[in-house]
Amino acid sequence: MEMNQYLEVFIEESKDHLQNCNTQMLELEKNPGDIAIVNEIFRSAHTLKGMSATMGYEDLASLTHNMENVLDDIRNGKLSVTTAVMDALFSAVDDLEDMTASIASGGDGKKDVSRSLSLLEAIQKGEPAPKAAAENNSSIQYDEFERTVIEQSLEQGYIAYELTVKLKDDCLLKAARVYMVFEVLEKIGEVIKSNPTVDQLEEENFDQHFCVTLASKEEKDFIEKSVLKVSEVESAEAAEVNLEAVEEKPKAAQEAAVTNEAAVVEESAKETQKQAVSNKTIRVNIDRLDVLMNLFEELVIDRGRLEQISKELNHGELNETVERMSRISGDLQSIILTMRMVPVETVFNRFPRMVRQLARDLDKQISLEISGQDTELDRTVIDEIGDPLVHLLRNALDHGIESPAARREKGKPEEGTIQLRAYHSGNHVFIEIEDDGAGISKEKVLSKALSRGIVTEEQAKTLTDSQVYELIMASGFSTAETISDISGRGVGLDVVKTTIESLGGSITIHSTEGQGSIFSVQLPLTLSIISVMLVEVEEEKFAIPLSSIIETAIVKDEEILHAHNQRVIDFRGKVVPLVFLNETFDVKKENTEDIHSVIIVRKGEKLAGLVVDSFIGQQEVVLKSLGDYLGNVFAISGATILGDGQVALIVDCNALIQ
Amino acid sequence: MSNQDHDLKVIVFQLVNKEYAVPVQNVQSIEKVMHITRVPGVPSYVRGVVNLRGVVTPIIDLRKRFSLEDGTEDEHTRIIIVNIGDIEVGFIVDSANDVLDLSSDSIEPQPNVVGSIEADFIEGVAKNDRRLLILLQLDKVLENAA
Numbered sequence: 000m001e002m003n004q005y006l007e008v009f010i011e012e013s014k015d016h017l018q019n020c021n022t023q024m025l026e027l028e029k030n031p032g033d034i035a036i037v038n039e040i041f042r043s044a045h046t047l048k049g050m051s052a053t054m055g056y057e058d059l060a061s062l063t064h065n066m067e068n069v070l071d072d073i074r075n076g077k078l079s080v081t082t083a084v085m086d087a088l089f090s091a092v093d094d095l096e097d098m099t100a101s102i103a104s105g106g107d108g109k110k111d112v113s114r115s116l117s118l119l120e121a122i123q124k125g126e127p128a129p130k131a132a133a134e135n136n137s138s139i140q141y142d143e144f145e146r147t148v149i150e151q152s153l154e155q156g157y158i159a160y161e162l163t164v165k166l167k168d169d170c171l172l173k174a175a176r177v178y179m180v181f182e183v184l185e186k187i188g189e190v191i192k193s194n195p196t197v198d199q200l201e202e203e204n205f206d207q208h209f210c211v212t213l214a215s216k217e218e219k220d221f222i223e224k225s226v227l228k229v230s231e232v233e234s235a236e237a238a239e240v241n242l243e244a245v246e247e248k249p250k251a252a253q254e255a256a257v258t259n260e261a262a263v264v265e266e267s268a269k270e271t272q273k274q275a276v277s278n279k280t281i282r283v284n285i286d287r288l289d290v291l292m293n294l295f296e297e298l299v300i301d302r303g304r305l306e307q308i309s310k311e312l313n314h315g316e317l318n319e320t321v322e323r324m325s326r327i328s329g330d331l332q333s334i335i336l337t338m339r340m341v342p343v344e345t346v347f348n349r350f351p352r353m354v355r356q357l358a359r360d361l362d363k364q365i366s367l368e369i370s371g372q373d374t375e376l377d378r379t380v381i382d383e384i385g386d387p388l389v390h391l392l393r394n395a396l397d398h399g400i401e402s403p404a405a406r407r408e409k410g411k412p413e414e415g416t417i418q419l420r421a422y423h424s425g426n427h428v429f430i431e432i433e434d435d436g437a438g439i440s441k442e443k444v445l446s447k448a449l450s451r452g453i454v455t456e457e458q459a460k461t462l463t464d465s466q467v468y469e470l471i472m473a474s475g476f477s478t479a480e481t482i483s484d485i486s487g488r489g490v491g492l493d494v495v496k497t498t499i500e501s502l503g504g505s506i507t508i509h510s511t512e513g514q515g516s517i518f519s520v521q522l523p524l525t526l527s528i529i530s531v532m533l534v535e536v537e538e539e540k541f542a543i544p545l546s547s548i549i550e551t552a553i554v555k556d557e558e559i560l561h562a563h564n565q566r567v568i569d570f571r572g573k574v575v576p577l578v579f580l581n582e583t584f585d586v587k588k589e590n591t592e593d594i595h596s597v598i599i600v601r602k603g604e605k606l607a608g609l610v611v612d613s614f615i616g617q618q619e620v621v622l623k624s625l626g627d628y629l630g631n632v633f634a635i636s637g638a639t640i641l642g643d644g645q646v647a648l649i650v651d652c653n654a655l656i657q
Numbered sequence: 000m001s002n003q004d005h006d007l008k009v010i011v012f013q014l015v016n017k018e019y020a021v022p023v024q025n026v027q028s029i030e031k032v033m034h035i036t037r038v039p040g041v042p043s044y045v046r047g048v049v050n051l052r053g054v055v056t057p058i059i060d061l062r063k064r065f066s067l068e069d070g071t072e073d074e075h076t077r078i079i080i081v082n083i084g085d086i087e088v089g090f091i092v093d094s095a096n097d098v099l100d101l102s103s104d105s106i107e108p109q110p111n112v113v114g115s116i117e118a119d120f121i122e123g124v125a126k127n128d129r130r131l132l133i134l135l136q137l138d139k140v141l142e143n144a145a
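Same order as they appear, the protein sequences are chains A and B.
Under numbering that gives the first Met the number 0, the first residue of the first sequence is numbered 0, with each subsequent residue one higher.
Under numbering that gives the first Met the number 0, the first residue of the second sequence is numbered 0, with each subsequent residue one higher.
These aren't lab readings, by the way, just hints derived from the structure by calculation.
Computed from a prediction, not measured in an experiment: that's the story for all the values here.
Wrong hints could be hidden among the right ones.
Partner residues aside, some chain B positions facing chain A, computed with beta carbon under 10 angstroms [unchecked claim]:
hint: 1; residue: 39
hint: 2; residue: 49
hint: 3; residue: 53
hint: 4; residue: 59
hint: 5; residue: 84
hint: 6; residue: 86
hint: 7; residue: 121
hint: 8; residue: 123
hint: 9; residue: 141
The C-beta atom is built at its ideal place from N, Cα and C for all residues, glycine as well.
So here's chain A without its partners, still in its complex pose (with noise of 0.2 angstroms):
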């Protein structure tokens, strides 16, 4: 129970280390050779191991403590970094992160794991022979102390030997066998260092076989002789220990001994150099930061109401206090704002895997090249936008990038390039995939929409290319002529579409075809306030968000034209129809006047106007939802509360535009 509280912590700092693990992983296939990025994995899977250790996942614990084993083979040289052992550390990764999953959505973290887990193990005996000559060399590994104290009786006239003790398998009391071997040892000269320690030999934490270095000036055959006196010891083998050999790797030993000096203050070394790179942070709540937002526009809405009424006092010092705070407030409001702003970095960081992952599914050579991951954007879009991007690479990589062979006939290099850029460009955020590969053929496009029925035959002949290209986001389309398991189910870019309009923001296609595609995703940089044209229907308010506001104008009865049982108004040479409030959300009328105000708005290539009695005025507002208890309204996006206190709501245009 009392690991609750430890629970989320540990969630967090995982994936934290995961996700290291992962960009550490990919940094490593592009330079096999650099042990500070070896490192820097085992130290994220060690730690992790840890934690999962003492929060009681088995699984956890065993699966990185493989990983390690691994890892720690490449640092000390003895397996090289190939693809297979990339692959075997990935599907370890992938199983951690499972697990890691299941715990955060309050499993147990319970996983098979004996698939990855045998690979790490086929991997370690892999390479069978230089890691036997490995172990020869130096099945313990000395610390400087250690090593100082060998070469000391080395040049004293002794003879260090390392001696591996084996015990027999039915040997029922270990520790007094050992401590009978330790006695006949210290007879026979002086014991540096023993693996397991003495206190482990002690309680019995060992197999069947240990090792013990040993100064001495004695025969190698005479020591193997007297510990062979012990009785239920099966075999003693004595070695000549190599110091050039254990010197070697004195830095890997350094960093693999836990209990270390030397590798304590570089690993701390090593952490302050980190600490002073990247900033401090703590993590706070998401859920924390709402309720702050949400005490400050309460806050918001008395300053209002302060400011009105220091106007009609119109007393100085209060009209002086009133600004100050007024000033101040508005300084706290950017503040929490940006609190709220997360890099986009969180999202892109799980691309370069599943790029990796599809392009070899896929048989094609890609690489992704990533710009702008430290564009911020608000969290509730961070949350919302990893699924449509992924969505789009997916397609690029299926659709875009050709297969080398093709690449090949066209002079193209054989690797396709694909590139994720996000930057800030005004109120917004724009984050844009660019693939060199095929483009997008509008004929092929036409021909499917109109096999599909999605145009008509007249329709087609007048669409620009954008329109055309806007097609394949269309609901039904699908041009992969072979479906597969990435994309081409036809029910991809229709919701990539939908979910980013749905935020608030639009997608536009360019392409040119053979040579590639750019999808451009725009989007709000927060959800949280928006801009809008607060109207009034009769009594009740609605707001109006300015993304969509093209302009407002009066308009007289007798401007109204009627077609198709629609009122249309003429706008600029423009057929707009008309949309009247009232009428869409009941609103009571009461007196009907003959000018009208309406409001042009847009949604992608339509216009409509929307009639209300009158203008109130533009406002920031805060966007807030109706709560999971009305659920969707029709054309209806959301609330907020204005000035006075009241709820006003969002008119939701895009669902008002046919």
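With the hints as your guide, set chain B onto chain A.
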């Protein structure tokens, strides 16, 4: 939860001369009537939404929900804010002024012959002195909203 076996603390409110009760742990607060913003296109018993300390909260008119006669709001009218699971809503009631401890043996299951729509929302009936309290089944009241 063992408390429920012995005592149930409830908030008592009135609706057209009858007294109803909801468990106190479901009640978050009792508010005076404030400005309600109508929401178009929702069931008629949803009056709209209010600003409850910065949270937009839907308001249900219990008279309409139980298909009772319409009443007028006066100074006794209250909004009871209740929490069920993740959902937070307000109930408009004629008045709310009592907190009672009910012993479990005073609660009886709902009589079979009640014959009004509100019967669907009743969990049981409790006798307290001479008062008859109708215990509401809150999740039923909130069912099929949108």
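Against the structure, the hints:
{"no.": "1", "hint": "39", "in the structure": "4 angstroms, holds"}
{"no.": "2", "hint": "49", "in the structure": "6 angstroms, holds"}
{"no.": "3", "hint": "53", "in the structure": "4 angstroms, holds"}
{"no.": "4", "hint": "59", "in the structure": "9 angstroms, holds"}
{"no.": "5", "hint": "84", "in the structure": "9 angstroms, holds"}
{"no.": "6", "hint": "86", "in the structure": "5 angstroms, holds"}
{"no.": "7", "hint": "121", "in the structure": "21 angstroms, violated"}
{"no.": "8", "hint": "123", "in the structure": "25 angstroms, violated"}
{"no.": "9", "hint": "141", "in the structure": "7 angstroms, holds"}
In this structure, the earlier hints numbered 7, 8 are contradicted, and the remaining ones agree with it.
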